[in-house]
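Starting from the given sequences, assemble the full structure and let the hints guide the process.
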Amino acid sequence: MQVGDVLVKREDSGEWAVVKVLVVDVWPDGGELLHCLMYRSTSERPTPDVVAGLEVLAYHAPLRATAFRGAWEVLGTCAVAPADLVGFHEYLKRVDFRRYLAETGQNLETVVARANSHFAAGGALNDQQRHREAIEEYTRAADLFPLFYEAIDNRGFSYMNIGDYRSALDDFEHSLQIHPDGEAAYFSSGECLLRLGKLDEAEAIFEAGAVDSTQYRELHQKFLGLVRDLRGDGLPSTG
Numbered sequence: 001m002q003v004g005d006v007l008v009k010r011e012d013s014g015e016w017a018v019v020k021v022l023v024v025d026v027w028p029d030g031g032e033l034l035h036c037l038m039y040r041s042t043s044e045r046p047t048p049d050v051v052a053g054l055e056v057l058a059y060h061a062p063l064r065a066t067a068f069r070g071a072w073e074v075l076g077t078c079a080v081a082p083a084d085l086v087g088f089h090e091y092l093k094r095v096d097f098r099r100y101l102a103e104t105g106q107n108l109e110t111v112v113a114r115a116n117s118h119f120a121a122g123g124a125l126n127d128q129q130r131h132r133e134a135i136e137e138y139t140r141a142a143d144l145f146p147l148f149y150e151a152i153d154n155r156g157f158s159y160m161n162i163g164d165y166r167s168a169l170d171d172f173e174h175s176l177q178i179h180p181d182g183e184a185a186y187f188s189s190g191e192c193l194l195r196l197g198k199l200d201e202a203e204a205i206f207e208a209g210a211v212d213s214t215q216y217r218e219l220h221q222k223f224l225g226l227v228r229d230l231r232g233d234g235l236p237s238t239g
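Quick note: the sequence shown uses the UniProt record's numbering, first residue 1, plus one each step.
Keep in mind that a hint or two might mislead.
[Claimed, not checked] 35 angstroms max Cα-Cα, derived DSBU-like pairs, lysine-lysine:
1. K93 <-> K222
2. K9 <-> K93
3. K222 <-> K198
These are calculated hints, taken from the structure and not from any lab test.
Here you go:
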């Protein structure tokens, strides 16, 4: 396979599946990973000149070259346009940020500076109790620099300030995937679980933090006692 190859296959329904190869990566074992653009199936076998005008089904799909064995055939080769790479670049932004910068011709310092600007704006808005606007700024910061766990944490705190504990919990769990040692995110995830009524899960976090936390041990102990008091009051656990 090579960049720009357009592959087609007649499906059982009679329609034609159409895929375009955007980038080819080689795995350590020598196998190829194809980053593909997937088009909506067509009722008739397409010709190379109509491919660019087809409706896109998925802007990025990473597939082993072996996925195209059997009935797949190469229809032809088309140039890869910058617009074709939007999904691939978004994928890189999440999984390989340095390669994303290289592929898009961006400078790390410039991107981080822009993200920090939005982060600071979010902090100022939060201080003014404008939490929803702060959430938007923290989102912009994290979108520019997906490893910016501090922005994700602060967005979580802003969600807590407006009572959206489910969204806050999602942010803290995401932050911990990036930065597993984040003590603020760990404790706050427990608080969100508590407020969502998931006592078993909250208790497990506070129990661990009451022993292991270096920054929030007393808070973990306090909230662990609170969870156990709630359980003692006869409130059922929904965890």
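Hint check results:
1. K93 <-> K222: Violated: K93 and K222 sit about 39 angstroms apart, past 35 angstroms.
2. K9 <-> K93: The hint holds at about 31 angstroms.
3. K222 <-> K198: 17 angstroms, holds
In this structure, only the earlier hint numbered 1 is contradicted, and the remaining ones agree with it.
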